[in-house]
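Chemist: Protein chains in written order, with the numbering used here: chain A, 105 to 403; chain B, 802 to 1057; chain C, 3 to 347.
Just so you know, the hints here were simulated from the structure itself, not pulled from any lab data.
Remember, predicted model here, so these are calculated numbers, not experimental data.
All C-beta atoms in this analysis are idealised placements derived from N, C-alpha and C, irrespective of residue type, glycine included.
Where hints are given, some of them may not hold.
[What the hints assert, rightly or not] Per label pair, the in silico range of CB-to-CB distance:
(1) C:Leu101 with B:Ala873: 35 to 43 Å
(2) B:Thr963 with C:Val165: 45 to 53 Å
(3) A:Glu229 with C:Leu27: 43 to 51 Å
(4) C:Val165 with B:Asp1013: 49 to 57 Å
(5) B:Gly931 with C:Ser15: 21 to 29 Å
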Amino acid sequence: MKRVDRAELPLRLSPLKRLPHKAGLLVALLGLGISLSASAATRIVSLGGDVTETIYAIHAQDELAAVDSTSTWPEAARKLPDVGYVRQLSAEGVLALRPDLILATHDAGPATVMTQLRDAGVRIETLPASRSAADIESKIRTIGRLTGHDKEAAELASEVARQFASLATAVAAMPSHPRTVFLMSTGQGSPMAAGRETAADRAIALAGGLNAATGIDGYKAVSPESLAAMKPDVVLLMKEREDAVGGIAGVLGMPGIADTPAGKAKRIYFVEGQALLGFGPRTAAAASDLQQRWAHLAP
Amino acid sequence: MNHDAALSARALRVSRGGRLILRDVSLTAVPGQLLVLVGPNGAGKSTLLSTMAGLLEADVGQVTLDGRPLAAWPHRELARRRAMLSQRVDLAFGFSVEEVVGLGRSPHAPDVMRDDRIVDAALRAAHAWGLRGRRYTALSGGEKQRVQLARVLAQIWEAASTGGWLLLDEPEAGLDIAHQHFILRRARACAAAGFGVIAVLHDLNLAARYADRVAVLADGALLRHGEPTEALDPSLLSAIYGIPLVRRAGGAIDAL
Amino acid sequence: MNAVTAVLPRPHSRRRAALAALVTLLVASALWSLSRGAIDIPATEVVAAMGRWFGGAAARGDDNVVLMLRVPRLLLAMLVGAALASGGATMQGLFRNPLADPGLIGVSAGAALGAVAAIVLGGSSGSWLVAVLAFAGGLGATSLVYALGRRHAGVANLLLAGVAVNAIAMAGVGLLTYMASENQLRDLTFWSLGSLGGATWKSIATIAPWILLPLACLPRAAQALNALLLGEGEATLLGFRPERLQPLLVGLVALAVGASVAFSGVIGFVGLVVPHLLRMIFGPDHRFLLPGSALGGAILLVAADALARTVVAPGELPIGVLTALVGGPFFLWQLLRRRIGEGVR
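Just chain A, same shape as in the assembly (with noise of 0.2 Å):
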């Protein structure tokens, strides 16, 4: 809960004030001079986890002036201004932040709300949806050209493609792939299972998979006969809710689940969410790491 005053803005040069006289004016004017040119893209508002990430991740983050509620990661950003769910923004709120750049994933809105921004004068970049392992590199150089980090991001976008190059190396040379399933619990009744169309289901795909809950879209719920049905190798579930699921012992009690190769094998594994499934700079890294983990199953 934060108000904004805009006495708030001009606080970035009273570090300097410290220095000794003379120097202390000369190095004045410098600051002044750097912050002036830097002030080419002062205050931004990321609205998506994944474009947070991004920014982060390439060192812009000093210009961070707020994020929506789904930018969970780093730890740094939950302690910035919170405009709420990114499909549901209030167009005062972003203003109140006073922005200069609203850097926006495809997802924000409401359209309304989107239009008076514009209207109010701001700019808007909105980033396409990323799908795959090249959306993300050139969601990450245009995130480092609009904050005037092209150096950075096209060092992060070499190093994210290389991840991606060796882990669809690695998977070429898989014997064979595991059939998967990635679910939601929803607390009591059927949980529900990642079918065509998620996150969930390319994600997997760049691991190695093969989602065997191909038969729905998007996430629904599945029926304890029909879980065992999908036959999966490997059953995936986020790490953040791990506890509440009650970890490898809550699942494997789950109705359905210790029918399935998976449950009869253990073979429940927990994966950072936000990394895997926000396609953002360590989508790479995850899914590595997953390969990595079922690389060596005997088909």
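Keeping the supplied structure of chain A fixed, place chains B and C upon it in accordance with the hints.
Modeler: Frame of chain A; chains B and C shown alone:
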């Protein structure tokens, strides 16, 4: 007596829910008289009253007021000429007594001073003056009845000279003996003032005592219409009520 | 005669004073709301901004925040609040039940079905499709309820038809919810909690006629609604035509509430709580209750929206949450005082 100002039912045939309630009933009431409808349960008395009020439509036949069929009367104009006190009015909202009586003034053009005066007078006429300022829902059954009477009186207050009609459907039901006589006396007073009054009564003796004319109904047919002593014929009454009834020395109708 | 009228109490003058007080309260809450928001703009600046706008001077500083964001939002809150509360008061009179609300005639469930269909099946066509389908759904459901319920006289059949249509509409909503993707589910959830965030001058111009027309017409049925409280037979005897009044009232409420739900989602409790509260002040006389409810509903929504915008700034709480937080305890309080079912003063 101006018969053109009569409220007249002609050859009424009314059925409800597939059942025939009134068969070929013709009845004329004239202003300045209290006409009482009597008969056993299910005889069709309330249906006849409602049809003559214009609340129900007959399948065959028509009701005329001042020679004009009710259907031809504009609704508000009709409401200014005739009012009906129903058996039971369910009012669960917290109106004050004056507001309830004031509802009776709805068919009239709004005139605050005149309406207040008439509400006041109606309350007095219905002996409900002492209930002013109280909430209607907090009153007893008899008190509520008097307020409703005031309301219907307020509705037709100015119609006494032009031929107003007061219809009462079993007004004495559920009231103690004092209130029963009070209501009937009020009805007579209205008749004396020039209104035409038609009341459905259960109690044959109240009918005998207060009515100018009595109409006896049974099984949807009008059997007798005339002066009380003539219409309340013990042998006819015994036949339609199914138990032996006699007229006692003082004039009261009683079971044998 | 004069002595007699002097003795009778004059509640009308008390009620007129209360109406005037409500108007004052509305103006005050409007000014207060305009000066609240995620951006800190002092009240003097707000007034100055309005002055510049009316005077045709150039906009300065945060003027546009006030004029383009806050003023339309304030107007939407007033329109929707007035529509919901008047609709509730009318329904309570029509059904002779202080617990009635516009949902009984199917308008909310129908609007929900339309909105959910737009969200789940309409792709990314945007909020206009949601508004149009929600409005159409609300009117369609109400028409169906009325057509089913009018075969016999009396509101009991209307009520039953409303129950049936509501159930079918909610089943449709459930089915579409099942088909929805994650993002669509989120959008659904927020829609069903209500929000005035979509208020722009353009949307005000679109919604205003649908609400202002019923608001202007409903008070003319005040006398008739009073008489209806006695019962349909009594109302007929008093010269009214319940069989003509009912479709008219149902239609007007469907328009106003349908438009409100279409633009701002489902905002609960206003239609139920505000008329109750106002009945305690004004009594059941609709000549005061209807305008009073409209004012009261506007005030409640203006205040609730100001809170919604500031309590978790720069984020925003859905307004339906706030009206429920006000309505729920109020209902409980009324229950404890055992006054449900009586329109007491």
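Chemist: Indicate, hint by hint, whether the structure satisfies it.
Modeler: Okay, the hints, checked on the actual structure:
1. C:Leu101 with B:Ala873: 35 to 43 Å: holds, 41 Å
2. B:Thr963 with C:Val165: 45 to 53 Å: For Thr963 of chain B and Val165 of chain C the Cβ distance comes to about 47 Å; the hint holds.
3. A:Glu229 with C:Leu27: 43 to 51 Å: holds, 45 Å
4. C:Val165 with B:Asp1013: 49 to 57 Å: holds, 51 Å
5. B:Gly931 with C:Ser15: 21 to 29 Å: Given range 21 to 29 Å: holds, Cβ gap about 24 Å.
Checked against the numbered hints given earlier, this structure breaks none of them.
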